[in-house]
Amino acid sequence: MANASPVTMGNQSRFGALLGRFPFLPALIILIVLLVLNGLFEPNSLSFRSLTGLVRTYMALMLLAVAQTYVVYAADIDLSVGAIASLVNVTIIVLMQHLGGGGLSVMAALGVGVLVGLACGLVNGLVVAALRLQAIVATFATSIFFTGLALTILPVAGMPAPAAFWRTYGGSFLGIPFVFYCAAGLAILLYLLARSRLATQLLAVGDGQQAAFQSGLPVTAIRIGGYALCGVFAALAAFCITGDTASGDPLVGAKMTLFSVAAVVLGGSALSGGFGTVVGSVIAALIIGLINALVFFAGTPSHWQNFVQGLAILAALMVGILVSRRGRR
Amino acid sequence: MSRVIDVIKNPLAVALALIVALLLLGNALSPGFASGQQILRLLIVAALLGIVAAGQNLVILGGREGIDLSVGGVVSLSAIVAGNAMNGMDGGIPLAILACIATGALFGLLNGLGVTLLRIPPLVMTLGMLGVLQGLLVVVRQGIPSGRAAPALSEFVTRPFLFGLPGILWLWVAIGLLMAFILSRTVFGHRIYAIGSNEQAAFMAGVPVRRMRVLLFMLSGVFSAIAGLCLLGYSGSSFANVGEQYMLPSIIAVVLGGTPLAGGKGGYTGTMAGAVLLVILQSILTTINIEESGRQMVFGATLLVLMLFYGRGRGLRA
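Chains A and B, in that order, are what the protein sequence lines are. Going by the numbering used here, the final residue of the first sequence carries number 338, and the count climbs one at a time with no gaps. Going by the numbering used here, the final residue of the second sequence carries number 325, and the count climbs one at a time with no gaps.
The hints are simulated quantities; they were obtained by calculation from the structure and are not laboratory data.
Chain A regions said to be covered by chain B (calculated; three or more residues, Cβ under 8 Å):
| id | segment |
| --- | --- |
| 1 | 151-164 |
| 2 | 310-318 |
| 3 | 327-333 |
A few chain B positions that, by computed beta-carbon distances, are all more than 10 Å from chain A:
| id | residue |
| --- | --- |
| 4 | L169 |
| 5 | G171 |
| 6 | L184 |
Using N, Cα and C, we set each Cβ at its ideal position, and we do this for glycine too.
All chains, full assembly: derive it from the sequences and hints.
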């Protein structure tokens with residue numbers, strides 16, 4: 010970089026090594042600080058009940074952030090994750106309605122939902138990797154298309170989800186809230202994916218497309234794979250949105266797209282690709298949730314809340330980037 | 008033969024050809040679509056988008072993943088600032104212009120400093136700034152009324168001014184000429200291409216890279232603010248988040264105009280054509296009698312097809 014400031018090594022190198030191994034460390038520290046602050050302002054916010062609520066509400070953003078991370082691994086970006094989530098949300102709602110709302114129909118709808126997410130991801134992958142369109146504008150174009158599809162399926166928000174579905178998502182099983190089973194399942198899934206060939210290949214492509222290509226990797230196929238994985242996770246996010254809001258809304262995910270990008274960066278992944286951490290993205294999604302909660306608990310006047318949230322997220326982004334860069338030197 | 012291919016590969020030529028084709032198509036679908044009045048109305052809307060895209064274009068040309076996602080926030084905020092500064096009176100216009108430019112420059116400066124001093128990627132910095140701006144909009148709208156446009160400003164945007172064209176179109180033409188002059192004839196313009204294509208080399212050659220980049224973001228803020236002012240004149244009063252619709256379309260106009268997101272090459276003339284193209288496309292879709300859902304699907308698919316004409320990356324070679 011042309012105007013890089015002189016690098017001071019020395020006692021930072023140990024911190025650097027630690028960061029290299031756990032790139033989500035800055036995010037984790039921010040998370041803990043936020044938890045403590047939340048506890049100070051509103052002791053009740055650290056109760057099991059409120060933490061369950063936090064996870065339940067932000068599970069969708071966690072999954073969307075994970076979805077975005079796999080694409081960012083390969084130095085791509087997906088501005089359609091929110092639209093995919095909306096599309097899957099209305100698809101499963103309408104399917105569950107039509108199939109009667111029983112347990113079996115819910116399972117069938119979820120299966121279709123995953124397939125829809127996968128298909129959307131494949132479309133993105135084909136457009137960006139095979140047709141070589143620029144990711145930011147191309148996935149914005151596909152997001153318009155997906156939103157159009159969602160509006161075709163359900164023109165206005167409001168169709169309710171069958172009780173069996175949201176009662177399960179919001180309920181408990183053997184005394185443990187259902188979302189924690191989701192979280193555990195997610196953890197196992199992420200662990201397996203972290204060891205998968207695709208994740209490594211995505212990182213290799215992100216590190217240097219040309220180099221990856223010259224060492225024989227099928228770059229186009231790998232990038233398509235990244236987008237497909239992203240689509241599937243966006244579908245999973247849609248399940249959580251549906252469980253949380255208990256209704257269908259063709260525009261529900263739109264606002265979450267940019268948050269998913271922010272979460273990826275906040276978590277310690279590099280937008281330039283080749284370096285990333287899904288754990289960081291999950292933590293960062295919780296950070297965004299905690300910032301929103303903290304602004305509320307701190308007694309901010311209601312019309313100032315958005316502004317303070319915006320400032321806090323910007324500040325967190327800056328701190329996260331500055332600290333993780335220092336570590337990577 | 009090679010000359011034909013050159014023309015096909017020239018984004019400006021493609022965009023102009025598509026504009027003519029779309030106008031013909033629109034006129035076939037609904038007679039009167041390509042009438043003088045209609046085209047004038049389309050051009051006014053395109054001018055608003057085009058002015059935002061001017062700043063976006065500069066930031067993108069400057070390279071290093073340059074992009075400004077905060078333009079929409081600045082447009083909305085400056086519309087409110089302007090509305091309150093003039094509050095329906097012509098006498099307040101100079102103050103409104105100054106206040107708008109100051110607002111745009113301030114947020115551009117903050118973006119630029121974040122990108123250069125803290126070296127935050129532009130996408131992240133401007134995304135964060137967008138969040139702050141959206142919050143600020145809520146605060147501002149709570150405290151003060153939204154304000155009204157002065158009659159002279161509305162007239163400038165919507166009524167014929169010179170040779171039958173409203174003032175905003177002359178303003179857009181002036182901005183176009185200015186951009187073309189800056190980019191092709193001035194040291195500043197050449198330096199933009201230099202830092203966009205190879206920052207390291209430009210730095211070695213003595214280009215003040217950081218200052219340049221801060222300036223580009225400030226210009227982007229100022230252009231967005233001017234667009235916000237004009238938008239106020241167009242709609243009469245400002246309403247919440249009017250600018251949101253400009254964020255990604257401004258980027259698409261730049262890309263359709265033949266400036267790759269990687270920066271370093273391209274220009275504003277193509278972007279102007281890109282803005283007109285986008286607006287005509289949207290207008291055609293509103294004239295066809297289909298559901299909103301179908302309209303969006305056609306719009307998204309058409310954008311993808313348009314991008315296929317140009318703006319494709321290079322293939323990988325061993």
